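**Q** Residue numbers (our numbering), protein chains in the order written: chain A, 1 to 283; chain B, 1001 to 1335; chain C, 2001 to 2291.
Where hints are given, some of them may not hold.
To be verified - Under the rule of at most 30 Å between Cα atoms (straight-line distance), these lysine-lysine pairs were calculated in the DSSO-like manner:
#, chain 1, residue 1, chain 2, residue 2
1, C, Lys-2146, C, Lys-2088
2, C, Lys-2124, C, Lys-2217
3, B, Lys-1246, C, Lys-2079
4, C, Lys-2217, B, Lys-1246
5, C, Lys-2146, C, Lys-2217
6, B, Lys-1254, C, Lys-2217
7, B, Lys-1226, B, Lys-1254
8, C, Lys-2124, B, Lys-1226
9, C, Lys-2079, B, Lys-1254
As the list claims (entries may be wrong) - Rough simulated footprint, nothing fancy, chain B against chain C, three-plus residues with beta-carbon under 8 Å:
#, stretch
10, 2090–2099
11, 2184–2198
Since the hints were derived computationally from the structure, they do not count as laboratory data. Computed from a prediction, not measured in an experiment: that's the story for all the values here. For each residue, glycine too, the CB sits at the ideal point set by N, CA and C.
Each chain, letter by letter, is given below.
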Amino acid sequence: MVDARALPRRRFDARLMLAGGWLLVVLLAAIFAPLVAPHDPLAQDLMLERLPPFWLPGSEPGYWLGTDSLGRDLLSRLIFGARIALIVAFVAALAACIVGSTLGLVAGYFGGWPDRIISRIVDIWMAFPPVLFAILLVAVFGTGLMSVIIAIAVIDWTRFCRVIRAEAMSQARMDYVENARIAGFGRLRIMVSEVLPNVLPSIVALLSLEMGIAVIVEAILSFVNLSISSDAPTWGGIIAEGRLSIHQAWWVLVFPLIALFLTVLSFSQFGEGLKSRFDPVLR
Amino acid sequence: MILQRFLIRLITMAITLLGVSVVVFVIIRVAPGDPIAMMLPPGATDADIARLRALYGLDRSIVEQYFIWLSGVVQGNFGTSISLRQDVMSLVLSRLPATLELSIFALLIALIIGGPLAIVGAREQGTAVEAGIDVANGAALSIPDFLWGLALILLFGVLWPVFHISGRVSPRMDLPFVTQFYLFESIFRLRFDLTRDLIGHMFMPALALALPLAAIISQLLKISLKEVMTLDYVTLARVKGFSETKVILREALKNAALPTLTLIGVQFTFLIGGTVIIERLFSYEGLGNMAIDAVINRDLPLIQGIVLVFALIFVLINLAVDMMYALLNPRLRHG
Amino acid sequence: MSACLDISNLSATLPSGQRVLRSVSLTVQPGEVRALVGESGAGKSMIGKAVLGVLPPSVRIVEGAIRLEGTDLGALSAKERRRLIGAKAALIPQDPLTALNPSRRVGPQMTDRLVHILGWAADKADRRVRQLLDEVHIREPDRVMKAYPHELSGGMRQRVLIAAAFASEPRLIVADEPTTALDVTVQKQILRLIAQLQQEHGTAILFVTHDLGVVAKVSQKVTVLYAGKVVEEADTPALFANPQHAYTRALMAATPKYTDPQASLKPVDESVLAGLAAEIAVADHDWRPHG
Ligand SMILES: Nc1ncnc2c1ncn2[C@@H]1O[C@H](COP(=O)(O)OP(=O)(O)O)[C@@H](O)[C@H]1O
Ligand SMILES: [Mg+2]
């Protein structure tokens, strides 16, 4: 038992470092995109179409990861794509988190009719295929960054709500909550000062996970050409283009795919790592 | 007791479906842009537009439209598709079998991968084998089906092209089918050449859908198995002389599967939700692919119909899982 | 004639290196009941599990041997060991509520060893189990065998488990506190039942208990265990007439009336425990596993 607990702790730290490291790289690339991108991500040059990445014959110096079918530099498009991915990830995930966690806390801690109403709404939401729901919402709101963010928040708040509701429910039955009641504190105050801190590790983990999901949803929306304007550099847009020219220029699909893989994996591992750090029970 | 449970579930189910229909109706009606104007050539007169609006019932108030639509739905009439000018019901029915076959095939793959991994993991507790399974599960879980689909397209479509990565069946095949359940029917008619072709098309999208679910099954079932394996009746079975594999299969598996089952039900609805984008990715002619076209074309009646059918499938799966749980649990069965 | 069970010099450790069994030796002769007594946590169940080959994976045997009718269990492969134990030994578990699989009917759970391990024909196994159910005074064997465990009371389930243990005519039964989880009123009946079946079938039993009252009732020999270490062993009457070790005396003093299983245990005298702890610390310090 004793050393069994010591082992995973060290592993958690390693994965926290790796995941955090990659996310930091993406973040810096996004912030300093105009400085680090070697080319204009929108500049087309039909003389340079479908250049392969640097290690292959036929590549041009300066076009490290090659170009797409319109001769746009892939690396620059990926770097500028990181901007959109991260903005969507942070804003949409945070919005979903605030709405979902609040409703989840209320439903779980208060129970009764607030719980019944909120749970019924969650049930209705769960009966939608999420991707179709997102596509529908963006189609309705019109394409654009704001629509994408709203769509993701509107769909994914239930993810927070379900988990936090269950946790708040079990917290509400704990003795210390009862003690606070006996001490004369109001319900709202207990919810914020006693229950919330105990569900916070879960919220943090979910938030990080949700950021990864938001990146994917944005990619999916760009993939069906419903995200931002169609030639803006988004990872999903590059993937859609890569899917079409897969037999002529595989790299246009491979590199954004790798970026997505690493980013999504990092967000989820980062969340897990943070949770086990902050979880008072595990600590 | 089971009957009572069933009735309560039926009522909540109806409420959920009603809620879905209201939400989708409201969302669609607040959409800017006139679908009628889109379907007519630019020279259409106002009178033409008004006539078509009346035809599709778009000239009435939202509430009126909703109840007209709802009363149609209750009678099985989902209206007429604006972009395809066909009955929505028959359009949905023509595509639904493809999606159901894909989903069930994916579920089978997930069970075939996830179940044995869980059993091996539980058997090899605390060894490197279990650790390896955990790592694989973790990765498969955090990567969504969309990315798996893309990776599979690269691997088996380009690098080592052994599977089809587009469509449901090879176009040159002539199809003797009378239903849309091609896979089932090809097996039923013993046309295994067609079965092979269909599976060759279905395998990649199904695998993409199955991998995250396989990881969940493997993880949940393993945890549940390990828990059950500390119980006295499992120890007793070991003392009786049964081998560890026998002990897991005979004594632990059924009791461990029960709690896993309910969770798999929800996960299966997620899998079906994933068909929407996976069908798009693999150009598979199912309901999800049609749904995306419907959204892009602002085909309101078709969107409503498809969303409602998905919702119906989801609540039916949850109902089925709930009933199965009640039936398999001896405590509830005789309680 | 070799002993039915012969444990010699058995030590087992946890992953931390801490010993849970400290050079334990004990024997059970054919047809004899040996009580293994000690406070909760002393390692009694650990010995029972070691004998039956079901130690938790974290516990490792580091020295010593267990012989079942002369066969050294440690010399067998895992598979052979399972088979041998399945054929020669049985367990009457502590908690009848968790010792039956909730999703299987009782009948097959009683016959499966006979059919699948011992290779009996199904109808022979069925007759055998019915006979045993009769011996444990279950009057409706059909109903019980068709029932699911949750449809039977705790006492009923323990009878079923006792019948199942004796059904395969094992040479040795490990009974791990078989009455602790039961109602006081049922405890006496179950004890009497085990004693009766033991005599009729001549089965050797390693009877694990924390209760000196039970020891006096069922056993011919006693081993007293403290912190995984044998502190005294004797014939049962001799032990009660003339306890040798201070810990045994303290244990007796702590049991108000050891013939009364309903009386609650008082804590054992602390000075005795302190002495024992010192003794064990010295032993652990000098101890090196050999082999
Ligand atoms: N699965 C296990 N892993 C590690 N240590 C255990 C385990 N089970 C029991 N122990 C420890 O081994 C010692 C002996 O336990 P046990 O044999 O169950 O005692 P008893 O049956 O005499 O009450 C105790 O100190 C207990 O904490
Ligand atoms: Mg014990």
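**Q** Between the alpha carbons of C:Lys-2217 and B:Lys-1246, is the straight-line distance 30 Å or under?
**A** violated, 38 Å
**Q** When you check the alpha-carbon spacing of C:Lys-2146 and C:Lys-2217, does it fall within 30 Å?
**A** Violated - the C-alpha atoms of C:Lys-2217 and C:Lys-2146 are around 34 Å apart, more than 30 Å.
**Q** Does C:Lys-2079 pair with B:Lys-1254 here, judged by a C-alpha cut-off of 30 Å?
**A** holds, 24 Å
**Q** Take a quick look at whether C:Lys-2124 and C:Lys-2217 sit within 30 Å of each other, Cα to Cα.
**A** violated, 34 Å
**Q** Can you confirm whether the C-alpha distance between C:Lys-2146 and C:Lys-2088 stays at or below 30 Å?
**A** holds, 27 Å
**Q** Given the proposed pairing of C:Lys-2124 with B:Lys-1226, does the C-alpha separation stay at or below 30 Å?
**A** Measuring from Cα to Cα gives roughly 35 Å; hence the hint is violated.
**Q** Given the hint that B:Lys-1226 pairs with B:Lys-1254, test it: the Cα-Cα distance must not exceed 30 Å.
**A** holds, 13 Å
**Q** Between the alpha carbons of B:Lys-1246 and C:Lys-2079, is the straight-line distance 30 Å or under?
**A** At roughly 12 Å apart (the allowed maximum being 30 Å), C:Lys-2079 and B:Lys-1246 satisfy the hint.
**Q** Using C-beta distances, would you say chain B covers the stretch 2184–2198 of chain C, given that this needs three or more residues below 8 Å?
**A** Result for this restraint: violated, n = 0.
**Q** Given that the stretch 2090–2099 of chain C was listed as covered by chain B, double-check it with a C-beta distance under 8 Å for 3 or more residues.
**A** Holds, because 7 residues of the stretch 2090–2099 of chain C bring their Cβ atoms closer than 8 Å to Cβ atoms of chain B.
**Q** Is B:Lys-1254 close enough to C:Lys-2217, meaning Cα to Cα at most 30 Å?
**A** Distance of about 40 Å is beyond 30 Å: violated.
Hint compliance for this structure: hints 2, 4, 5, 6, 8, 11 are broken, all remaining hints hold.
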